[in-house]
Amino acid sequence: MNPTSKAVRVQILKWNQTFAIPWYSLALAITLVVAIYAVVGGGASDSGGHTGAATIFYASSAGTQLWLINQLFPFCMAMSVTRGAFVRATMLVVAAEAVIAGVGLTVLDRIERATGGWFVHVQLLDLPYLHQENVFAQALVYGVPMAAISAVMACVGAVFRTFGQLGLWVFGMGAAFLAAVVFAALTLTHTAGSVGHFFASQPSLANLALYPLVVLAVFGGAWALLMMRARI
Amino acid sequence: MSAVFVEDLTMRYRGHTALDGVGLEFQENSIHGLLGRNGAGKTTLMRILTGQEFATSGRVEVFGQPPRENSAVLSRVCFIRESLKYPTNFKVREALAAAAIACDAWDAAFAERLVRDFALPAHRPLKKLSRGQLSAVGIIIGLASRAPLTLFDEPYLGLDAVARQVFYDRLLEDFAEHPRTIVLSTHLIDEVADLLEHVVLIDAGRVVIDADADELRGQAVSVAGSAEAVSAYAQGVAPLHRSELAGRLRVALPRRPARPADGVSVEPLSLQDLIVFSTSQGDRK
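Residue numbers (our numbering), protein chains in the order written: chain C, 1 to 232; chain H, 1 to 285.
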């Protein structure tokens, strides 16, 4: 077995930690929302009801990478898995996670459409801005943000792993400072509206798949670089 | 053949020199003791040997190749240390399953036997284990990995005397059947003295002793008697340690002087005493 395969197998040994938690959360969200709508009849209007409860799916995936980097990575290194093998394995696991999210949520989306909003006229997945007619585009809209969130959280974890708490603080403050500078520059140059208009005019596929892909590349690249010099 | 070859290895952290020109060899299929005081540089050396830390300068080879990011080398290495962080939500059985995946020569039956020997609750989460039980998990992984180079860094923190003896017994039994290179770093020198075939003592980042354990045991002696008799006997040999009480003098000598021991008692110096006396004791500059 090659080193990357070993690292993948160790990472998915606790598969419910690596893959299943977002699905448990989503199942709970669907159950609760459907129960509430069934009881109170919230989706009785012609257009039915919309809820953002499915964001719990993405929110609850955020902890996985922190667990991988801060707990599983040191353990794997003690078992003499190389940094490179761990990084490659994590890339494969994140890719699998994104594919499963894309395919799984698309299937649920189609079920939601076919059942008229889970039989109670509620939309958790088929929200107006997320709606894609093409199945592949729909899977991208659901799957790519999952990978982007994983990359951001992995990067945060790697900063902590490499530079400790102070490094994480500097990283957080630096990100906040950068955001403030960008916001100030946009406000002072009266271009904030243009930027907003630019994103509003983009197709939802670009906003929900293409730009998250850029985030994935930037944070994923930074994460990989940090991991290759992480000390245990 | 050498399992480990280190030449002129230096490691500096932000102005602190953890290792200073270290050179040593660990021969294959032997049990080596890597001894020294806290902060002497033992753990740093083992982290470099296992690719977990990056040396500032020097040459490091494990099985003839640099270990850093080298899967061919690291797949033959297992490093168990006292501060090893386990995934807290893993159960004992899951930690062993992960080790079985990562270690090419894993012996599952041996691991099961060790779980029973250490009376470990296999289905209990690691975060619920006592410090000693957690140490036992590390020992089981280290032994059952059968890695050609296995490094134990203070592996038995919190283990009681009985469990430590189980470790020594299983280590020796398994080593006899499956010879490999074991590096054992510990402060319990007396307990492991009979296990060791080779001893390296590191002090303040430098190698102070690098010798066969039998050679060390045979050479160093403790001499006691009247101050005059001991001084006469020890003349020409610089003592490692000297204590005098009520006219009676006791000295530790690195080698037995080549003269008759008249009026003095001469006893072999224990490995622990030799290590203690050979190490700087608070007089570092």
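Honestly, the hints are just simulated from the structure, not real lab data. Keep in mind that the hints are not guaranteed to be accurate.
Said to hold, decoys possible - Straight-line alpha carbon distances no greater than 30 Å define the calculated DSSO-like cross-link-like pairs of lysine-lysine that follow:
| hint | chain 1 | residue 1 | chain 2 | residue 2 |
| --- | --- | --- | --- | --- |
| 1 | C | Lys-14 | H | Lys-128 |
| 2 | H | Lys-128 | H | Lys-85 |
| 3 | H | Lys-85 | C | Lys-14 |
| 4 | H | Lys-91 | H | Lys-127 |
| 5 | H | Lys-91 | C | Lys-14 |
| 6 | H | Lys-127 | C | Lys-14 |
| 7 | H | Lys-128 | H | Lys-91 |
| 8 | H | Lys-85 | H | Lys-127 |
Unchecked claim - Here are a few chain H residues that face chain C, going by a calculated C-beta distance under 10 Å:
| hint | residue |
| --- | --- |
| 9 | Met-1 |
| 10 | Phe-63 |
| 11 | Pro-66 |
| 12 | Val-73 |
| 13 | Cys-78 |
| 14 | Arg-81 |
| 15 | Ala-99 |
| 16 | Phe-110 |
| 17 | Ser-145 |
| 18 | Arg-146 |
| 19 | Phe-277 |
Backbone N, C-alpha and C define an ideal beta-carbon position, used for all residues, glycine too.
Contradicted hints - numbers only: 9, 10, 11, 16, 18, 19
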